[in-house]
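A.B. asks: Read off the chains here:
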Amino acid sequence: GEPQMAAYLTHQQKVLRLYKKSLRHLESWCIYRDKYRYFACLLRERFDKNKDVKDMVKATELLKAGEEEFWANQHPQPYIFPDSPGGTSYERYECYKIPEWCLDYWHPSEKAMYPDYFAKREQWKKLQRESWDKEIKQLEEETPADGPSTEALPPARKEGHLPPLWWQYVTRPREIPM
Amino acid sequence: METTLLLNTSLLLTLAIILTPTLLLPMSKTSSNSPTTITRTVKTAFLISLVPMTLFMLSGTESITSYWEWKFTTNFKIPLSFKMDQYSMMFFPIALFVTWSILQFATWYMASEPHITKFFFYLLTFLIAMLILTIANNMFLLFIGWEGVGMMSFLLIGWWQGRAEANTAALQAVLYNRIGDIGLILSMAWLASTMNTWEMQQAPLPTQTPTLPLLGLILAATGKSAQFGLHPWLPAAMEGPTPVSALLHSSTMVVAGIFLLIRTHPLLANNPTALTLCLCLGALSTLFAATCALTQNDIKKIIAFSTSSQLGLMMVTIGLNLPQLAFLHISTHAFFKAMLFLCSGTIIHSLNGEQDIRKMGGLQKMLPTTTSCLTIGNLALMGTPFLAGFYSKDLIIESLNTSYLNTWALLLTLLATSFTATYSLRMTLLVQTGFPRTPTNSPTNENNPMITNPITRLALGSILAGLLITSYITPTKTPPMTMPTTTKTAAVIATALGIALAMELSTMTHTLTYPKQNPHLNFSSSLGYFNPLMHRPNTTNLLNSGQKIASHLIDLSWYKKMGPEGLTDLQLMAIKTSTTLHTGLIKTYLGSFALSIILILSTQT
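Residue numbers (full-length UniProt numbering), protein chains in the order written: chain S, 1 to 178; chain A, 1 to 605.
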């Protein structure tokens with residue numbers, strides 16, 4: 001299967017994260033692409049020089065020195081993509097994302113505008129009610145005693161069961177509501 | 001006689017036209033076209049408001065009309081009175097023109113918004129409150145307008161209320177405005193208690209107005225017009241949609257503070273302390289905002305700081321005792337600042353929400369009309385000779401130069417003028433010229449006439465407004481006529497130096513020097529460290545002192561120290577000394593008995 005997200009970061013992940021964020025901050029500093037490319041190549045060379053270090057102590061020391069150098073040279077206003085956390089249109093449409101139980105409160109004239117959805121909605125809700133206990137039982141069995149270590153949900157294990165918390169996933173709002 | 005009647009009728013008709021959508025539209029069945037209806041309403045109101053303006057320009061008619069009187073007490077009456085003088089009659093068409101263009105732009109910009117009708121209603125309510133503020137003759141009506149624009153600002157900044165930063169920014173705006181309101185209410189109370197009226201024209205001019213109410217008025221202007229000290233809310237207010245920034249936080253609401261000082265300038269005129277305070281505060285604000293704008297990368301924040309800087313310049317003009325010139329700067333500034341915001345809105349929408357100028361470039365070929373108008377707006381802002389900004393800005397700097405009032409304020413203002421040129425040119429170069437750094441699949445176009453018409457209209461206004469206003473309105477104070485050549489060309493030289501600095505810096509960004517932080521960049525980027533220095537410590541101290549009063553003062557002091565534990569502390573030393581005597585040996589006790597009997601016998605005899 002695919003590699004699962006663990007509760008701690010590996011050394012490789014830390015180094016790669018440092019590399020990516022230093023490249024992003026370098027991009028915030030060097031506005032023009034040719035200048036950025038020049039310094040990005042120099043940075044890549046600095047990372048590549050130490051990539052075969054096998055001694056974990058030395059590698060961790062290099063990583064720590066790299067993080068400190070990053071902190072000293074970071075850009076005070078780094079470029080953040082508009083939809084990323086901290087960006088200008090992050091969570092902008094959150095106020096329009098209404099939970100799905102509001103659909104139960106629609107007027108029949110409004111419900112008549114979407115007949116095929118509302119015809120089947122009762123059956124979907126019945127299915128959700130029936131599978132809820134089984135999902136909870138599966139989650140209770142599978143989480144370790146002192147709480148879950150990651151946010152990943154397990155898949156459905158038995159035949160005829162649905163994955164846990166599938167309803168929240170299926171009825172999630174759109175990214176940019178209409 | 002007839003002119004005053006025509007004046008009053010047309011101006012009140014304007015107000016009534018604007019009020020119509022608020023009363024009629026909630027009752028209409030077809031709600032599909034409300035934005036266009038509201039835009040057309042404001043356009044009609046603008047055309048009607050040209051009538052009183054032309055009347056005033058040609059015949060000099062002014063009027064003060066009082067309608068109904070709220071008999072607060074038998075001694076103190078508050079009439080519903082409107083003052084139609086040059087300020088309100090010039091402001092009405094300008095505000096309505098700018099609002100019409102912004103509403104027309106907003107029908108395109110907010111087209112994908114589910115609650116667009118509510119948005120337009122909010123903007124209309126804001127406009128009504130602002131016009132009430134402008135036309136008010138007494139402080140009560142002005143206060144109604146003042147609070148109204150503050151409320152609508154809160155609602156509009158937090159329009160996308162799912163976003164945490166928008167809510168924080170709206171709260172910041174309300175709190176900072178509230179601190180200014182303290183000053184306004186203070187001066188209103190003083191006015192009511194000494195002059196027994198809130199009418200502006202009834203306040204007799206004393207030889208020297210006491211400084212306290214004037215400080216209150218200046219505090220109100222500092223809060224509303226984002227002078228240094230109460231300024232952080234204005235850059236934060238950019239969280240709202242771009243039409244909100246264009247209308248409220250560039251042309252109309254933020255000038256309400258300056259407008260208050262213009263209205264009350266007879267009180268200010270004979271108090272040199274207040275005037276000097278205005279001068280220095282304005283100079284500091286304009287330089288600080290210009291410094292912060294130098295290193296901003298968000299296009300809306302650059303224009304926000306530019307607004308803040310120009311507001312400081314208006315405050316400097318008030319400090320020079322030239323209210324008419326300040327009003328001229330308000331009028332010309334409204335045109336090009338609103339246009340700058342609308343151009344930035346077009347750019348943001350075309351680039352799919354991108355607001356960072358580091359990811360824009362080469363837009364001159366992709367958005368020709370918008371970028372041309374952006375250039376015109378920036379040139380007007382810099383005070384290019386014979387565009388709109390020149391007529392007000394150059395006059396202000398000339399008057400500052402020849403007034404011999406305060407050299408420090410003069411130096412700061414000149415430095416801020418050159419910084420204005422620097423950041424405007426930086427923005428222009430990074431946004432419009434060079435190779436595109438934008439993502440490649442953005443829907444970059446300006447084919448919709450809803451975009452190009454408002455922007456070109458405002459561009460026309462930016463070019464012509466200064467000329468038109470100065471040629472038709474006679475100044476009340478004589479402008480300085482003769483001065484040395486360096487003084488006359490000081491503003492233009494400062495701007496040219498700023499342009500040279502910007503060109504030099506932009507060549508430097510191309511050279512392959514390794515970029516790193518330096519203290520000046522950090523100061524400018526973090527906005528002078530003002531926000532973290534003021535926001536956390538003030539609230540922490542207040543809450544800490546509250547906790548200390550509640551727990552230490554009341555609980556600890558009164559209940560414990562003044563009661564049982566205090567008594568214990570007093571006795572403790574004596575107790576510690578005497579416990580050594582409690583040994584339990586009979587001889588020690590017999591000895592102490594003997595000692596006390598001898599003492600009693602010796603004192604008795």
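Certain hints may be false.
[Unchecked claim] The calculated DMTMM-like cross-link candidates involving lysine to aspartate or glutamate, where the alpha carbons are at most 20 Å apart (straight line), are:
hint, chain 1, residue 1, chain 2, residue 2
1, S, Lys20, S, Glu61
2, A, Lys516, S, Glu67
3, A, Lys516, S, Asp34
4, S, Lys97, A, Glu504
5, A, Lys488, A, Glu398
6, S, Lys97, A, Glu113
7, S, Lys64, S, Asp83
8, S, Lys51, S, Glu69
9, A, Lys77, A, Glu165
10, A, Lys359, S, Glu68
11, A, Lys477, A, Asp555
12, S, Lys134, S, Glu159
13, S, Lys14, S, Glu61
14, A, Lys359, S, Asp83
15, S, Lys158, S, Glu135
16, S, Lys137, S, Asp83
17, A, Lys516, S, Glu151
18, S, Lys58, S, Glu69
19, A, Lys118, S, Glu135
20, A, Lys516, S, Glu91
21, A, Lys359, S, Asp34
22, S, Lys14, S, Glu67
23, S, Lys97, S, Asp48
24, A, Lys516, S, Glu68
25, S, Lys111, S, Glu94
26, S, Lys20, S, Asp48
27, A, Lys477, A, Glu69
28, S, Lys20, S, Glu67
29, S, Lys126, S, Asp104
30, S, Lys35, A, Glu165
[Stated by the list, open to error] Pair by pair, the computed Cβ-Cβ distance ranges are:
hint, chain 1, residue 1, chain 2, residue 2, range
31, S, Pro155, A, Asn352, 29 to 39 Å
32, A, Thr74, S, Cys102, 53 to 63 Å
33, A, Leu175, S, Glu140, 38 to 48 Å
Please keep in mind that the hints were generated in silico from the structure rather than gathered at the bench. We put the CB at the ideal spot given by N, CA and C, even for glycine.
A.B. asks: Against the earlier hints, flag every one the structure doesn't satisfy and list their numbers going up.
C.D. replies: As far as the earlier hints go, 4, 7, 9, 10, 11, 16, 17, 19, 20, 23, 25, 27 and 30 are violated by this structure, in ascending order.
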